[in-house]
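Participant: Take a look at the letters that make up each chain.
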Amino acid sequence: MSFLLRRLGFYFTAFLIAISFNFLLPRMMPGDPIDALFAAAQGKMDPAQMDAVREMYGFMDGSIFEQYIAYIQSVFTLDLGPSVLMFPIDVTTVVGMSLPWTMFLALGSLIVSLILGVTIGTYASYRREGFFGQFVPPLLAFISNFPYIVTALLLFYFFGLQLEILPLAYTYDPSIDPGFTMEFIGSVAKHAVLPMGSMILVGIATWVFNMRNAMINVLGEDYVTMAEAKGLSSFRVMYRYAGRNAILPVATAIAMAIGFSFAGSIMTEVVFNYQGLGNILLKGIMARDYPLIQAILLILVSAVLTANFVADLLYVWLDPRISK
Amino acid sequence: MHSKKILASIVCGLLVSANGVMAEDIKQGGTLTVPIINTGFVENFNPYTSGGLFEGVLFEPLMVFNNMTGKVEYRLAESAEYSTDLKTITVKLRDNLNWSDGKPLTAKDVAFSFTMTKSAPAFDQKAIWSSGNLASVTATDAKTIVFTLNNADSTFIWGLPKYHILPEHVWGKVAAKDLPTFTNPNPVGSGPMTDIKYLKPQQMQLCRNTNYYLENRPYIDCITYRSYNDNSQVQPALMKGEIDWGSNFIADIENTFVAADPKNNHFWYPANDAIHLYVNTKEAPFDNLNVRKALSMALDRDEIVDIAAYGYPTTNFNAGGIGELYTPYISKEVTEKYKDITTFNPEKAEQLLDDAGLKDLNDDGFRQMPNGDKVEFDINVVNGWTDWIQVVQMVTEYYEEIGIKANVKTVDWAVYDKGLKESEYKMSINWSMVATNPIEAYQAYFLTEQIGKSWHAGHGVNSAEIDALVNSFGLTNDVAKQQAILDQLQEFTASNLPFIPLFSNATWYQYRTENLVGWPSKENPYVQPVWYDGGKRNLIINNLHLK
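As you go down the protein sequences, you meet chains A and B in turn. Sequence positions in the first sequence follow this note's numbering and run 1 to 324. Sequence positions in the second sequence follow this note's numbering and run 325 to 871.
If you are wondering where the hints come from, they were derived from the structure by calculation, not from laboratory data. Backbone N, C-alpha and C define an ideal beta-carbon position, used for all residues, glycine too.
Covered stretches of chain A (in silico footprint by chain B; criterion: 3 or more residues with CB under 8 Å from a CB of chain B, positions within the stretch not fixed):
1) 27 to 33
2) 79 to 88
3) 164 to 173
4) 266 to 280
Facing chain B, according to a computed beta carbon distance under 8 Å, are these residues of chain A, among others:
5) Gln49
6) Val53
7) Met56
8) Lys283
Please build the complete structure, drawing on both the sequences and the hints.
Facilitator: And the structure:
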């Protein structure tokens, strides 16, 4: 129990530091939201109006310290104020619109690459002398070393622009009404293929190697030799005897991967004009929309910290020695 | 298949020419699809906070000042007149105006719409209240609105279309402090499209106002807005025929967009705001007029436009401070008289610099000040504005030819903006004002009170005399007298050269005639074809129809 309390204390401190950075980072960029607004208008707005507009957005009143106190309050009450980019709509509403799509993209690609990766890793380790074990893991390692943005742009170019078989933008065809219809679900799936595919291509190698390395250790254990000696089918040895034990370190790596997956989603969304958090974050940064940037970074921080906390809990459950 | 297409296009062609002859044959119906570059649509129909999405569409202006034809196009208003002392404007509304909910639109609504912005300064788009010149707006009867000014100002009226005419029975219920955050759900308007059919994050549709005051207008049924992230996504959408109207830069447009469907894909790039190199005349060696002249003569404007700006802008040879956007107001006399300043002539430029005492004393290829100090300066341009960066790059190359060392300096907007306003620059590229009348550009260039506020007044050429000349424009309503003032201002600008004219930006405008016709074009230039101006797009929406 005291272990958990210590961890909670640690996460709370980490959270406070992280949200302070969330506050500082956007303000360290040159220019403020009103400057950005006037820059975007390229002379179409009357400079005489600048002060009145600045006042309308309100949140920049007071010294930086007063702003900080107000910000901390807003984080704990979850009342994050109106967005500049989509004034006067609340940041919470804006984020609420796009968060589901990012979760769909980030978690969906994570789950798919996890399942595929673990399967491939298991098989590759078991057949590590053969063609599959020799060829597939290095190939995947090669692909995964491309940054998200490069893979995404390559897929965008070939499948979207050249072959024109998959859509280039949006989460679904804007002419379709959302709902539980085959048409809508099909459209969502079609629009998710490229962004999710690029994230899977990049993410999969991690799981292949995690699993493969853990498996190779386990495969040397006596009970595996024993199982093989008993004449069990290779499928049974591979998955029931070796695989189940090898998956433990993989489970704990998932926590880390959630954070990376969200980060990767941000890049991918921008390339495919996917209406998730990443897309909005980019626009928010360009518009110096402090409340929006803060809210999105807050979500990312919370996602990473929560995932790590869950991993800690998992450790305790898997290995009771830690809690002592 | 192929022959069918040809046949169809012949039939369509016949229909178009028939339309020209018999106006009553214009077909009703059809949908206009336009791209909107934003983060997605949200339920906010407040015209002052929704990023210009609805003006001219949901909300009809009183009138439109058409700077391409020089005419006033009356919309809700039927007339607007100044009193002889230029202190009162009387606006008369048309008969039988109604809101989209069926209630009558009266002078009271109009007076309310203006008075409302007094308590919401962020809505006071042209600072009519905060500048203190507007004393009151009153409805004297159901059709008449009277604006009373403290000081005579014939330019005041141009600001009126910036204010949206809103129903008092809806907006009158909103407390003043809530106005900026009011999202105006279930909007009531008087524009051509007031019926919100649907609103999804990536697309929304507005359909016709059945109470619109013009019979059979609009011809089209609906407008669809589609959301895009940036230019690069608008381009493929335009080529695939997803949208009908583009207002963005497209590289190599003849080969990418037009060639995809030469019959239906068109573009027209008339002149927009004039782009200048603003020079800080308070600093040596720019305090010497001949140096500024030399820096202007050193530039081959045709080449700059062709190479750095892809040939789309209009070269500006008018030294008088305004470009082809204001064609009817340009003084040909001034342009002719100062032609040598804007004509490429590096030999003359070098001679002027020699005469000014700027010579290469140490044989390093670059000129020095008479006392041996280095002459080297930065030209400010905004980070990421690639077309301008290329232009400035070319400018520095031309300067190198005449022995002047200049560098491209890309800075963030905030730095650039502050530099221009507080005249912390040696040379900086920037636009000039797009307005109803060029006097507004001169106000921004020269008025002493604009120093520190405008981007264009930091060059240091200011004086009480020139203030008086600029301000005298508003004291007369006589077009000939006003033109005389503009001529004097052009003469003053050309003879003092506080900035070096380069070219006029292009008005980016692509349109597709597969579905709709009636677009403004080179052959029928009835309005400057811009989407972002509520009044101008109102005229275009009213003119589009099925082919």
